[in-house]
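*Asks:* The lines below spell out each chain.
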Amino acid sequence: MMPKAKLKAQKQTRAAELVQPLPEGGAWVTRARDAALARWSDMGAPLKRDEYWKYTDPRALIAEESLQADLLDTGSEAPVFDAFDRVKLVFVDGVFDAAASDALALDGVELELLADATKADLHWAREVFGTLEARAQSPVERPLASFNTAYATQGVLIRVTGTPAKPISLIYRRSAEDADAMLHHVIRVEAGAEVTLLENGPLAARSNTVIEAEIGEGATLHHIRSQGRDHARLSAAHIFVRLSAGAQLKSFTLTVNGALTRNEAQVWLDGADGSAHLAGASVGDGAFHADDTVFVAHNAPGCESRQVYKKVLRHGAVGVFQGKILVDRLAQKTDGYQISQALLLDEDAQFLAKPELEIYADDVKCSHGSTSGEIDSTQLYYLRARGIPDAEAKMLLVLAFLAEALDEIADTELAGDLRDRLEAWLQRHK
Amino acid sequence: MAALDTEVRDGVDRETVETVQSMAGTYKHGWNTDIEMEFAPKGLNEDIVRLISEKNGEPEWLLDWRLEAYRRWLTMESPDWAMLNVPGIDYQEQYYYAKPKSMIDKPKSLDEVDPKLLETYAKLGIPLKEQMLLAGVEGADEPRKVAVDAVFDSVSVGTTFKKELAAAGVIFCSISEAVQDHPELVKKYLGSVVPQNDNYFAALNSAVFSDGSFVYIPAGVKCPMELSTYFRINAENTGQFERTLIVAEKGSHVSYLEGCTAPKRDTAQLHAAVVEIVVLEDAEVKYSTVQNWFPGDEDGKGGIYNFVTKRADCREDRAKVMWTQVETGSAITWKYPSCILRGDDTQGEFYSIAIANNWQQADTGTKMVHLGKRTKSRIVSKGISAGHAQNTYRGLVSMHPKARDSRNYTQCDSLLIGDLCGAHTVPYIEVKNASSRVEHEATTSKVDDDQLFYCRQRGMDEEEAVALVVNGFCKEVLQELPMEFAMEAQALVAISLEGSVG
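As they're listed, the protein sequences go chains E and U. Using the numbering used here, the first residue of the first sequence is number 63, and each one after it goes up by one. Using the numbering used here, the first residue of the second sequence is number 928, and each one after it goes up by one.
I should point out that these hints are in silico values taken from the structure, not numbers from a laboratory. You may find that some hints are simply not true.
[Stated by the list, open to error] Here are some of the chain E residues that sit facing chain U, going by a computed Cβ distance under 8 Å:
(1) D390
(2) L407
(3) A415
This one's a predicted model, so the numbers in the text were calculated from it and none came from an experiment. Every residue, glycine too, gets a C-beta built ideally from N, C-alpha and C.
If we strip away everything but chain E, and leave its shape as in the complex, we get:
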C-alpha cells in the first residue's frame, strides 16, 4: 500500500509536468484560469490509484506521447441528427469552423464563442465559467476539468432567454489523426426558458470537454449527446449542472465505440421541486472502455432524480458505472432512482459498477439497482419459437434492453433517430 502523502506528491509532480503558460485573455477569464490552474496543481493529475479511477486508467488521457488515432470512414452514412432543422456550430479538431457553421443567431438565445468572450474584461459567463467546475471538485476531485478551465480557448457561450424554435447543435469533426482538443461550453438558461442542445461527432483523437450549465427557475435544458463511432477515441467529457427551483434537466448520452471514454456528470438540485434525469446507452465491441461517473446532489426539498444507464458489451469491452445519489439533510421528500445494467454478450466482456447512495434526510424515497448478465434465454427462446432467427432475436432483445435509457429523451423524433442508428449499427455487427 502506497502511503497517501507519497501518492499525493506523485499526482502533483505529474500535474506540474503538464503545466504550460496560460492563454491570454481579459480580466474575468484570467481570474478563472488562474484559480483553475491552482486547483489542478493542488489536486494533482488523476492516477489509477484514485478511488474514482479505480476502474478506468486515466494514463492515456494525460500521456504526453504523440497521439495517433486513425480516422473512421463512415462512408455514405449521414451524421446523426442530420435530418433535423437546427443551428449548426461546427468544430473541426476542436477549433470553431465559421465557414461550415450557421450564423450565430437564434431567436431567444445569445450565442457567442468563448474565444471572443475571453477578450472582454467583464462577461456574464464569469458567474458560471470555472465556478461550477470548482464546485464539482467536492466530494470527488475531477482534476481534468480544472485543467480544461485553465487551458480551453474554444467553446461556445449560450444564454437562453426564451424558447428557441430549434435546437442548438454542436457538431464535431476530425481531420487530423493526432489532434488534442479541449472545449469548454457555458450555458445559462434564464427563468422559464427552454432549450435543446445537441452534440455529435468525433471531436479529436483525444479530447477533454466541459459543459457548465446553470438552469434558472422553471427553466428546462435538454441535452442529447452522441459520442461518434470513432474507434480510437480517447475522451474525457464533463457536464456540471446547477438547477434552481422547479428547473428541469434531461441529459442523454449515446456512446458507441471509442478506446476510452469517461463521462462525468455532477448535478446539483439547489431549488425545491427540481427534476434531473440522466441517462446513457453504450454499445461496445472489442477494445472499448466506457465509464459513466454520475453524481446527483439533492440540496432542496421535493426534487426528483433518475439515473438510467445501460451497457451492451462484447469481445473484451469494458463498461463502468459509478453513480451516486447524495441527499442533504434539507432535501426532504426526495425521490431518487438509479439503475445501471449491463448485458454481456460473451465471456470476455466486463461490467464494473459502484452505485452509491449517501442519504442524510429521513423522509425520502431512494432506490438503486444494478444488474449484469447475459441475454435471457427464456426471452430468446420465446422469440425463436416464433420463427425469428437467432441473430435477429438477439438484436431485438439488445434494442429492447437499451430502450429504457433512450426513453429518457423527451423529443421522440430525436430519440427515434438515435434508435434507428443503433439498429443499423447492430444489424451490421450482429
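Using the hints provided, position chain U relative to the given structure of chain E.
*Replies:* Just chain U, lined up with the frame of chain E:
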C-alpha cells in the same frame, strides 16, 4: 423516553408499559467487574509482543510470526476510506495484555475459576455451568446444549462441554490452548485466510492477539451442539485483540455463535479482532454474531472502536458458509465479513442488521469473491440509523473470469429515523464473465407512517411501535439467527433504538 415517565393512559395496560420500560433501560451491560488484574506495561513495541508470546508460552515460530506482523504494521497506514470519522488513536496509550490475577495459574476446571468471573458471566446471562442453558430458552421441550468459551479481556476463562465435544472429535478451546495442544493445526491454518499484512488492523491483531477460540471439526462430523464464544472487555484502556480460527474438514457441519459486551467508560476502547474460517469440501459453517460492545453514551462519549477482519475461505468444492450479524453496539464499527468462494459450487451468505443510534458510526458489509464455477452468494443487509448516527453498507461482489455460471443476489435496505442521521450504500460490483448473473437492489426510506399509525391505534406508544416496525424490517435477517440469538437480537433492536423517537 418522556412517554414512559407519564402515567398510564387510557387503553394502555400496565403490562405493556412495563415491557417497554424493561426494554428501554439504556445499555444493559455497562457495569464493571471489580477484579485484580495483571497488565503488561502500557504501549506497543517489540518487547510487548515478546511478552505476550511469553505469557502464552508460545513456540518460537509463533513469536517470529507476531514480530513479522508487528514490523509490517509499522509500515502501514490506518485506512481512511470508510465513511467514518475516527479520532486519532494513540497506540502507545493502550494496554495490550490484561489478565485477571486469579487466572495466572490456570484453573484446572471451571469449578476453580474465581467466583467473581463466574458471576460476571452469570450476570450477562452466559451459562458456564454445563447444566445451565442460555437465558431465554428455559422450558423448551428438548434442552439445547451450547458449549461456551468465555474470554475475559486477554484470556479465556474456560470452555464448557469439552468432554462431550472431544467424544465427537471436535476440538473447541481457546487459541492459546490450541497453540499448546494442537500446534500442527494452528501452524497450518493461522494466517492462511487473513494474512498478517492483510490490512492495518489485521496486522496489529497478528502482532498482539491474546485469546480467542479455536474450533476444529473433523471430517464427516456434525458438531453435536452449537459452539459459542463470549467476549467481555472489562479493564480500562485495554484493547481486545482476539483471534478466532475455525477449521471445518470435509463434510463437517458447525454452527458458531459469538457475543460481546463491555462496561460503560468515558474513554473509547480499541477492539481489533480477526476471524478466519477454513471450509473444506462439502463442509458447512454458520457463524452468527450479536455485537453489543458499549456504544458510547448519548453524547457520544466513550464506546468501543470495533475494527474487525472476518473472512471465510470456501477452499474446496461445495463448501458453504453463512455469516449472520446483528451489530448494535460499538461507537465505531469497521467490519466486512467476507467469503472467498474458491471451490466450484461453493456458497456464501451474509445476513446483517446494523443499528446505529446516538453518535454511533457503522461502516459494515461484506465481500463475496467468486472464483469457482457455479458459485452462489446472497447478501441481505438491513441498516437502521437514528439520532446523529451514520450507517454505511459497503460491499464487494466480484465475479472472476473463471467463475462461470455464478450467481449473486444483493439486497440492502436502509431505514432512517430522524433527520440528523445518515444512511449510505457503497456497493462495488465487478463482473468479469457473461454467464454469471449479478443483481443488486437497495432502498432507503423512513419508518412507514401508515404502519406506525396502525400500531399506535392499537395502543402502542410511539417508541414501541417503532420497535415493532423495525423488527419487521429486520425479519429476513432475524429468522436466519439460531433461536437463542434471535430472541436476544429482537430485544436488542428495541433497546438500541431507545430515545430515537419523540
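*Asks:* Each hint needs a verdict: does it hold in this structure or not?
*Replies:* Checked hints:
1. D390: violated (10 Å)
2. L407: With a closest approach of 7 Å, the L407 of chain E hint holds.
3. A415: holds (4 Å)
Violated hint for the displayed structure: number 1, the only one.
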